[in-house]
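K.L.:
Sequence:
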Amino acid sequence: MKTEKKSRANSIGDLRKDQSSRKRCLIVEDDDDLRELLVDAMSGANYQSLGVAGVGEFQEIASAQPWDIAIIDVNLPDGSGYAVARALRQFKETRIIILTGRSALADRLESHAAGGDVHIVKPAHLAELLAVAKTLLARRDENSAADSGWLLENRTSSLRAPSGQKAKLTPREFAVLELLMGNPGLLVATKKLVEAASDHGDDLTSDALRMLLSRLRQRVLKVTGETLPVETIVGRGLIYRPSSG
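Using this note's numbering, the first residue of the sequence shown is number 1, and each one after it goes up by one.
Please note that a few of the clues may not be correct.
[Stated by the list, open to error] Listed below are the simulated EDC-like cross-link pairs for lysine to aspartate or glutamate, each with C-alpha atoms no more than 20 Å apart in a straight line:
{"hint": "1", "residue 1": "K192", "residue 2": "E178"}
{"hint": "2", "residue 1": "K134", "residue 2": "D40"}
{"hint": "3", "residue 1": "K134", "residue 2": "E178"}
{"hint": "4", "residue 1": "K122", "residue 2": "E36"}
{"hint": "5", "residue 1": "K92", "residue 2": "D117"}
{"hint": "6", "residue 1": "K192", "residue 2": "E231"}
{"hint": "7", "residue 1": "K122", "residue 2": "D40"}
{"hint": "8", "residue 1": "K222", "residue 2": "E153"}
{"hint": "9", "residue 1": "K191", "residue 2": "E231"}
{"hint": "10", "residue 1": "K168", "residue 2": "E178"}
{"hint": "11", "residue 1": "K191", "residue 2": "D203"}
Rather than coming from a laboratory, the hints here were simulated on the basis of the structure.
Let's have the full structure, built from the sequences with the hints guiding it.
P.N.:
Written out as structure tokens, the structure reads:
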């Protein structure tokens with residue numbers, strides 16, 4: 001048991017050190033096999049994932065961490081998953097999936113009252129969980145961008161400024177901004193941005209990324225009359241810093 005706790009402590013330490021832009025996922029599930037399956041599935045979908053077995057472990061190593069998505073069982077050996085959901089509501093960016101065997105309307109209502117965004121009844125398909133998590137985070141990030149006045153429009157492949165003016169984007173520019181605007185206020189490493197841009201053509205270098213961003217800044221300013229709120233941290237990466245209004 002001590003070894004298992006030490007392993008989880010190391011895992012949370014690894015999450016703190018990880019400076020990548022990957023979304024963070026918490027799994028609260030007392031069934032060891034299911035918890036491991038969920039952690040593996042979310043990790044395979046490029047989430048930083050941590051699994052804990054109950055309320056106690058959550059309070060010990062995960063309660064003070066900002067999570068992007070949490071998948072929470074209700075019936076835990078040392079308390080209710082609803083208590084975990086309510087605790088996570090202090091982080092307004094966290095999206096919560098309640099995963100439980102309870103299917104009655106009263107249970108669904110209780111899940112929402114506790115702060116759950118979605119109530120999914122076991123057994124659930126992994127594909128459904130992954131799709132729900134992706135949708136919840138996409139809506140969160142879209143709302144965050146819209147609140148700042150800047151918005152990426154998929155349909156027109158453009159960036160809309162607070163003024164309402166739009167600047168057309170190349171696929172590479174769109175990919176870079178999508179990654180940045182999906183992580184407002186967070187440093188996104190140059191390596192991650194290069195990888196995102198390279199998915200839309202030949203491999204990109206860090207120097208080419210700098211040129212791409214320079215041209216993008218100039219075009220956005222010329223077309224919209226507003227300065228793109230992206231800060232360069234030399235040698236590390238970029239940060240999207242939208243105005244809070």
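K.L.:
Now tell me if each hint is right for this structure.
P.N.:
Verification of the hints:
A C-alpha spacing of about 12 Å is found between K192 and E178, which places the hinted pair at or below 20 Å, so the restraint holds. The suggested pairing of K134 with D40 holds, with an alpha-carbon distance near 16 Å, which does not exceed 20 Å. Taking the CA atoms of K134 and E178, the gap is near 14 Å; set against the 20 Å cutoff, the hint holds. Between K122 and E36 the CA atoms are separated by roughly 16 Å; this keeps the pair inside 20 Å, and the hint holds.
Using a Cα cut-off of 20 Å, the hinted pair K92 and D117 holds, with the two alpha carbons roughly 12 Å apart. At most 20 Å may separate the alpha-carbon atoms for a hinted pair to count; K192 and E231 meet this at roughly 16 Å. Taken as a hint, the K122 and D40 pair is honoured in the structure, with Cα atoms around 18 Å apart against an allowance of 20 Å. For a cut-off of 20 Å, the pair hint linking K222 to E153 stands: about 19 Å separates their Cα positions.
With a C-alpha separation of about 16 Å, the suggested pairing of K191 with E231 holds against the 20 Å cut-off. Distance hint between K168 and E178 is fulfilled; the C-alpha atoms sit about 14 Å from each other, no more than 20 Å. At most 20 Å may separate the alpha-carbon atoms for a hinted pair to count; K191 and D203 meet this at roughly 12 Å.
The structure fails none of the hints (numbered hints given earlier).
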